[in-house]
Each structure stands twice: as structure tokens, then as C-alpha cells.
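Please work from the sequences and hints to get the whole structure.
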Amino acid sequence: MEWAVIFEPENLALFGNGILITLWLLFASLAIGGIAAVIFALILTGPWAPLRWIVSAYTFVIRGTPLLIQIYLIYYGLGQLEWIQARWDTIWPWTYFKEPFFCALLAFSLNTAGYTAEMLAGAIRETSAGEIEAAHAYGMNRFQTMLRVVLPSAMRRTLPAYSNEVVMMLHATSLASAVPNMLDVTSAASRIYATYYLPFEAYLAAAAIYLTASFALIGFFRFSEGRLLAYLTPQKH
Amino acid sequence: MQAYFFVILHGALLTVGVSLLALLVAIIFGLAGAAAKLSGKPVLVGLATLYSTIIRGIPDLVLMLLVFYGGTIGINTLLEKLGSEATVDINPFMAGVLTIGFIYGAYMTETFRGAILSIPKGQMEAAWAFGMSRLQTFVRITLPQMVRYALPGFTNNWLVLIKATALVSLIGLQEMTYLAKQASAATRSPFIFFMFTGALFLVYTSVSLFVLKKVNARYSLGAKRGQL
Amino acid sequence: MKKLLLAAAITALCTGAFAAGKDLKVAIDATYEPFTYKTPDGKPTGFDVDIASAICEQIKRTCVFVEQPWDGMIPGLMAKKYDVIISSMSITADRLKQVDFTDKYYNTPSRVVLKKDVKYSGPESIKGKKIGVLKASTQEKYALGELKTKGVEIVSYDAQDQVYLDIKAGRLDGTVADILEVGGGFLSKPGGEAYELKGDELYIPKYFGTGAGVALRKGQGALKSEISAAIKAIRANGKYKAINDKYFKFDVYGK
Numbered sequence: 000m001e002w003a004v005i006f007e008p009e010n011l012a013l014f015g016n017g018i019l020i021t022l023w024l025l026f027a028s029l030a031i032g033g034i035a036a037v038i039f040a041l042i043l044t045g046p047w048a049p050l051r052w053i054v055s056a057y058t059f060v061i062r063g064t065p066l067l068i069q070i071y072l073i074y075y076g077l078g079q080l081e082w083i084q085a086r087w088d089t090i091w092p093w094t095y096f097k098e099p100f101f102c103a104l105l106a107f108s109l110n111t112a113g114y115t116a117e118m119l120a121g122a123i124r125e126t127s128a129g130e131i132e133a134a135h136a137y138g139m140n141r142f143q144t145m146l147r148v149v150l151p152s153a154m155r156r157t158l159p160a161y162s163n164e165v166v167m168m169l170h171a172t173s174l175a176s177a178v179p180n181m182l183d184v185t186s187a188a189s190r191i192y193a194t195y196y197l198p199f200e201a202y203l204a205a206a207a208i209y210l211t212a213s214f215a216l217i218g219f220f221r222f223s224e225g226r227l228l229a230y231l232t233p234q235k236h
Numbered sequence: 000m001q002a003y004f005f006v007i008l009h010g011a012l013l014t015v016g017v018s019l020l021a022l023l024v025a026i027i028f029g030l031a032g033a034a035a036k037l038s039g040k041p042v043l044v045g046l047a048t049l050y051s052t053i054i055r056g057i058p059d060l061v062l063m064l065l066v067f068y069g070g071t072i073g074i075n076t077l078l079e080k081l082g083s084e085a086t087v088d089i090n091p092f093m094a095g096v097l098t099i100g101f102i103y104g105a106y107m108t109e110t111f112r113g114a115i116l117s118i119p120k121g122q123m124e125a126a127w128a129f130g131m132s133r134l135q136t137f138v139r140i141t142l143p144q145m146v147r148y149a150l151p152g153f154t155n156n157w158l159v160l161i162k163a164t165a166l167v168s169l170i171g172l173q174e175m176t177y178l179a180k181q182a183s184a185a186t187r188s189p190f191i192f193f194m195f196t197g198a199l200f201l202v203y204t205s206v207s208l209f210v211l212k213k214v215n216a217r218y219s220l221g222a223k224r225g226q227l
Numbered sequence: 000m001k002k003l004l005l006a007a008a009i010t011a012l013c014t015g016a017f018a019a020g021k022d023l024k025v026a027i028d029a030t031y032e033p034f035t036y037k038t039p040d041g042k043p044t045g046f047d048v049d050i051a052s053a054i055c056e057q058i059k060r061t062c063v064f065v066e067q068p069w070d071g072m073i074p075g076l077m078a079k080k081y082d083v084i085i086s087s088m089s090i091t092a093d094r095l096k097q098v099d100f101t102d103k104y105y106n107t108p109s110r111v112v113l114k115k116d117v118k119y120s121g122p123e124s125i126k127g128k129k130i131g132v133l134k135a136s137t138q139e140k141y142a143l144g145e146l147k148t149k150g151v152e153i154v155s156y157d158a159q160d161q162v163y164l165d166i167k168a169g170r171l172d173g174t175v176a177d178i179l180e181v182g183g184g185f186l187s188k189p190g191g192e193a194y195e196l197k198g199d200e201l202y203i204p205k206y207f208g209t210g211a212g213v214a215l216r217k218g219q220g221a222l223k224s225e226i227s228a229a230i231k232a233i234r235a236n237g238k239y240k241a242i243n244d245k246y247f248k249f250d251v252y253g254k
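Residue numbers (numbering that gives the first Met the number 0), protein chains in the order written: chain A, 0 to 236; chain B, 0 to 227; chain C, 0 to 254.
What the hints contain is simulated information worked out from the structure, not anything from laboratory work. One should not assume that every hint holds.
[Unchecked claim] No farther apart than 30 Å at their CA atoms in a straight line, the calculated lysine-lysine pairs in the BS3-like style are these:
1. C/LYS223 x C/LYS59
2. C/LYS24 x C/LYS134
3. C/LYS223 x A/LYS97
4. C/LYS149 x C/LYS197
5. A/LYS97 x C/LYS231
6. C/LYS126 x A/LYS97
7. B/LYS80 x C/LYS24
8. C/LYS223 x B/LYS80
9. C/LYS118 x A/LYS97
10. C/LYS149 x A/LYS97
11. C/LYS134 x C/LYS147
No experiment lies behind these values; they were computed from the predicted model shown.
Written out as C-alpha cells, the structure is:
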């Protein structure tokens with residue numbers, strides 16, 4: 000095995016650049032998707048039926064179709080529509096659709112929003128009835144109950160499942176290599192494989208990078224769970 | 000243009016084939032992994048933990064590329080060293096099935112382990128008291144009861160597995176996603192073809208959900224549910 | 000039960016193929032109209048495919064076509080996934096380091112393709128524009144070597160027909176491609192009317208090599224001479240001309 004090739008400066012630069020793009024993609028889509036998820040979760044557990052149906056349909060489609068198809072639809076599919084083509088050279092929001100990075104970001108954000116919204120909605124529904132009754136007894140209206148009692152509690156309870164979702168998103172960023180001109184870790188590995196014909200070295204290096212990142216993320220979440228979910232751990236005497 | 004749609008429908012059959020075979024592989028790995036983890040022997044537990052840790056730390060795509068490109072070269076180099084003239088080709092179908100099965104076997108390990116642990120210990124003890132061997136206990140007592148506890152996690156894993164089959168298109172298997180991509184490039188109309196493929200996936204996942212709900216109902220007969 | 004499953008699994012693995020015998024596995028990248036592409040109902044067709052079939056007929060073996068994305072072509076050949084590549088692969092010095100080539104079976108140049116109203120007088124004149132190329136192709140090498148250094152943005156794609164998809168969408172300003180391929184695959188199709196070939200015909204051997212040949216693994220001298228002889232034979236007995244005229248108006252064998 001020729002590991003020396005991987006450590007040549009230009010190839011290390013390729014991987015380094017890839018790591019930056021992967022992490023940027025990951026955190027940006029988690030941030031945008033996270034905010035959207037809270038809004039969607041509130042709608043899903045809210046009283047307005049038509050909005051609820053729309054968001055339910057949205058999560059149904061997002062969770063029922065592969066991320067790869069969603070990426071292709073946003074990058075290639077939207078790019079084909081003449082309505083968008085006419086606007087994306089000059090008119091502001093549509094100029095973003097020309098960029099591969101934006102399309103990938105949009106696809107990942109929509110995807111994580113769909114999954115996280117359902118997780119959060121489930122946690123909101125499971126909030127213990129006693130807490131909500133106590134909030135009402137205090138005279139809090141629906142908005143205040145949500146903001147001060149239900150949401151903080153639900154977000155903490157979603158943490159274990161959300162940590163899974165974050166690691167899944169990290170793995171999902173490898174699909175960004177399916178979009179042209181997105182040079183993430185996986186496409187860096189593919190590039191090295193195609194140039195030097197070393198599949199093992201290239202992909203094992205990529206695997207090592209993802210493994211390290213996953214461990215870091217899981218470690219971070221274990222730490223957070225220790226702090227935020229301390230009240231759920233077994234009593235230590 | 001219509002012909003492309005029929006070709007994609009044929010690709011759908013391949014998708015179903017890959018997912019079902021991968022599920023079989025995943026169940027085998029899952030049962031083996033769960034048994035290893037529950038056996039208590041440190042070597043087996045360590046191996047099983049290593050298995051699930053590594054799998055859940057590497058993206059499906061990278062593993063698939065490793066198995067598909069690296070695997071063939073690896074096996075052929077091995078055969079060359081052993082002096083054989085033969086060449087084994089891991090075609091995309093096999094690479095996809097084995098990789099996806101291997102990956103989701105790790106997730107199934109956790110699901111099955113949790114399910115087996117949920118069965119009241121008294122059941123197994125009663126079986127041993129009756130003189131049943133370990134295998135008989137497993138097949139007659141543990142397995143049927145495990146199904147009920149495992150079903151939610153199993154359903155989840157199965158749905159994610161279906162969607163993972165789309166990744167096999169990236170190593171060249173001509174299933175739905177690959178054919179949709181080719182058709183869209185050839186006809187310059189990606190929107191309709193990807194919508195069509197997305198709809199087919201949606202149908203597949205919805206049907207699966209429906210079937211698994213029925214299975215859940217069948218295996219939950221007689222289980223008492225508390226009044227909420 | 001477990002033994003049965005194990006046996007079934009091993010058998011399935013073996014159906015992967017132990018290659019030997021009369022079949023000749025030919026790798027093609029079926030996104031390169033009119034050289035290699037697929038009919039709407041999925042059959043491989045095109046100049047390369049027809050030439051391959053003619054060669055197989057000549058050497059008395061059955062062609063089995065295996066689809067392969069372009070950047071995995073040579074790695075796949077070295078991994079013994081197939082026996083030969085007949086997919087418009089140019090014979091270049093770089094590639095000869097890894098694989099062997101038979102004699103060429105055609106030679107046509109590449110050119111830059113841009114919108115009709117763009118004035119092209121060399122790489123500097125399109126500085127800042129986006130040009131799409133196929134990953135691991137000779138055109139990509141040229142683009143990275145000659146165009147990128149003059150400030151042109153180069154985007155690499157997995158398949159040539161996806162380059163055309165993005166040109167049509169407006170994400171790219173043009174491409175560098177084989178003149179016949181871009182003619183049959185883009186310029187003559189709806190969406191390609193606004194574009195035309197620009198600049199000189201690029202015959203630079205450093206990048207583009209000396210024509211397209213059949214690639215095979217090193218150390219297969221017998222097969223190499225067999226196929227080279229077959230190419231000579233179909234040139235002589237008129238089969239080449241028949242296939243040539245089916246797709247092109249002039250003799251693509253070239254210099």
C-alpha cells in the first residue's frame with residue numbers, strides 16, 4: 000500500500016479543503032434546518048389543521064424519498080425550469096440557485112428540517128401532562144407555555160435522537176460529491192483514486208476522517224446529555 | 000420519451016431486489032451481532048462493539064466505494080498472489096447488497112439486542128427449566144416475542160435501508176436513480192424524471208409502512224396496552 | 000438453515016463471474032452521443048458500440064457491454080472488471096503508463112464550444128468564464144493545463160451529457176469537447192442552437208494523444224495484435240466505412 004501518496008502536500012490540501020467544505024455544509028444545514036424544524040414542529044402540534052396537513056405532507060415526502068433524489072431535484076431539476084433560468088443571472092434570491100453549494104445546502108437543510116421536526120413534534124406531544132397543567136394553572140397562555148415549559152423540555156428529550164440525526168447528516172454530506180464542483184472529503188478521495196489508481200488508500204483516508212469527526216460529535220453530545228439530561232440519569236449515592 | 004419511463008420502472012425492480020437481499024444480509028448480521036453482544040464473552044462483545052462503532056462512523060457511500068473499487072482489486076490481487084488465473088468481479092449489485100446489508104446489520108444489532116433484553120427473563124428461565132436446549136429456547140420462545148419489541152426499530156431501519164439503495168447508483172448499478180439520471184441528461188429534462196423516481200420511492204416506503212403496520216398488529220395480538 | 004443461507008450467499012457471490020472463454024467484456028460510457036449512448040429503451044448504441052461489435056465478429060468472440068462512468072474506466076480495467084475499453088478513449092502517453100492500447104480506430108480533434116456571440120481569440124479572451132469538462136478526459140487535461148492557467152474557471156463533471164445539461168441551464172458558458180461528439184450530442188439538439196465551435200482544432204498530442212484506441216491491460220500482447228488486426232480488416236473490407244457513414248459525413252479515421 001502506498002500511503003506516501005496521500006501525504007503529498009497537494010493531496011493533503013485536497014482533503015483539507017474537503018474537510019472545510021464538509022464541516023461548513025454540515026453546520027450551516029444543521030443551523031438552518033434546526034430553526035426550520037422548531038417552526039415546523041410547532042405547526043405540527045398546533046391547532047391550525049390546514050398548516051398541519053401541509054407540513055405533514057412535507058415531512059412525509061422528505062422522509063419517504065432518498066436524499067440523493069432530493070439533491071438531484073434541487074440542483075438539476077430546478078435548474079431546468081425556464082422560469083428560474085430567466086431570473087438567476089440577475090434577480091437576487093434566484094442567483095443562489097446557480098451555485099452548486101447553495102443547492103446542496105438547501106437540500107440538506109430541507110432534509111434535516113423534515114426529520115428533526117418530526118422528532119421534536121413527538122417529544123412535544125410526549126410532554127408530561129402535569130407540566131402543562133401547572134403552566135396553565137400559573138395563567139400562562141399557549142405561547143408562554145410553549146416558550147418556557149414545553150420547548151425547553153422537549154428539546155432536551157430530543158437530544159439523544161438528535162445526536163443520531165447530526166451524525167447521519169455528517170454522513171449525508173458525503174452525497175455532496177454527487178453535485179458537480181462540490182469538493183468535499185469523498186470527492187477528494189475519488190479524485191485521488193482516479194488520478195493514482197489507489198482505491199484503498201484514498202477511501203480509507205476518507206473513512207478515517209469521517210470516523211474522527213463522528214467520534215468528536217458523539218463525544219460532544221454525550222457531554223451535553225450529561226449536563227442537560229442530568230435529571231434523567233440514575234441516582235448515584 | 001415514454002420508453003425512458005418504462006426503463007426506469009424496470010430499474011425499480013432492481014431497487015426492490017437490492018433492498019430485499021440487503022435486508023436478508025442485515026438480519027443475519029444483526030442476529031449474529033446481537034448474539035455476540037449478549038454472550039458476555041469479552042472477545043465477542045469487543046468485536047461486535049467494534050463492528051457497530053466503525054459502521055456508524057463511516058458514511059454509507061464511502062464504504063460502498065471502498066468495497067466496490069477496493070474489494071475487487073483486493074480479491075484479484077489475492078488470487079494473483081495465490082497463482083490463480085481467474086478473476087472475480089464484484090459487480091455493483093453484489094457490492095451494493097453486501098455493503099448495505101453489512102451497514103444496516105450494525106443498526107439491526109442494536110435493535111435486536113434491545114428487543115431481546117426487553118423480553119421478561121422469566122420466559123427463558125421457564126424454557127430452560129423445561130429442559131429446552133439453547134437453540135430451542137431461541138427459536139420457540141425468544142424469537143417470536145422479540146419480533147414485537149423489535150418492530151419499531153426494524154421498521155425504521157428498513158425505511159432508511161430502502162433510501163440507501165439510491166446510493167448504489169453512484170457505483171454504477173442501473174437501478175432507478177441511475178437510469179433517471181441518464182434519462183434526464185439524454186432528454187435534458189431532469190425535473191420530470193427525478194419527480195417520477197421520487198414518487199416511486201414514496202410508493203415503496205408507503206407500502207412498506209402499511210405492511211409493517213399489519214405485521215405489528217398480528218404480532219401484538221394479546222398484548223395488553225395500558226389505558227392512557 | 001444457516002448452512003443453506005451460507006451456501007446461497009457464496010453461490011450468489013460467485014455469480015459475480017469467473018471470466019474466461021468466448022465472451023469479451025467491453026466497457027463503455029454510454030453518455031457520449033453519437034459515439035456511445037443508449038436508445039430510449041436502454042440498448043447501447045453508437046459508433047464505438049458498432050465498431051466494437053464488428054471487431055468482436057472479426058475475432059470470433061461475443062461482445063458483452065459493461066457500463067462504467069468515465070473516471071472509473073482505467074481503474075476498472077486494472078481491477079479486471081472487464082477486458083477492454085472501447086469508448087472513445089484517446090491514446091496518450093500518461094495512459095500508456097498504466098494500460099496498453101491497440102492501433103487507433105479513429106482520430107478527430109477537440110475544440111472549444113461557446114455561445115455564438117462570444118468572441119474567442121485564445122484562452123485569455125474567456126477569462127472568468129465557466130467551462131465544463133468531463134472528469135479524467137483529455138479535454139479536462141487540456142482545460143486544466145491551458146485554460147485554467149489563464150483564469151478560466153473549470154468545472155469537472157461525471158458525464159459529458161451532464162455538462163450539456165448545465166450549459167442548457169445556463170450554469171456554464173461552454174465546454175471543450177470532441178467536435179463530432181459535441182455536434183451529435185449537443186449542437187444539433189434543441190438548446191444547442193445558440194452555441195458553436197470556436198478556435199482552432201486542437202491536435203496537441205501532449206494533451207489529446209494520437210487518436211482513440213482500444214485499451215487493454217498490459218501483458219496481453221496476443222489480444223492486442225488480434226484486435227489491431229481486426230481493425231485493419233474492417234477498414235479493408237468496408238465494414239468500417241458502413242458504420243462510419245451511418246453516423247458521420249466524412250471519414251473519421253483521420254491522420
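Which hint numbers does the structure go against, in order from smallest to largest? 3 and 5
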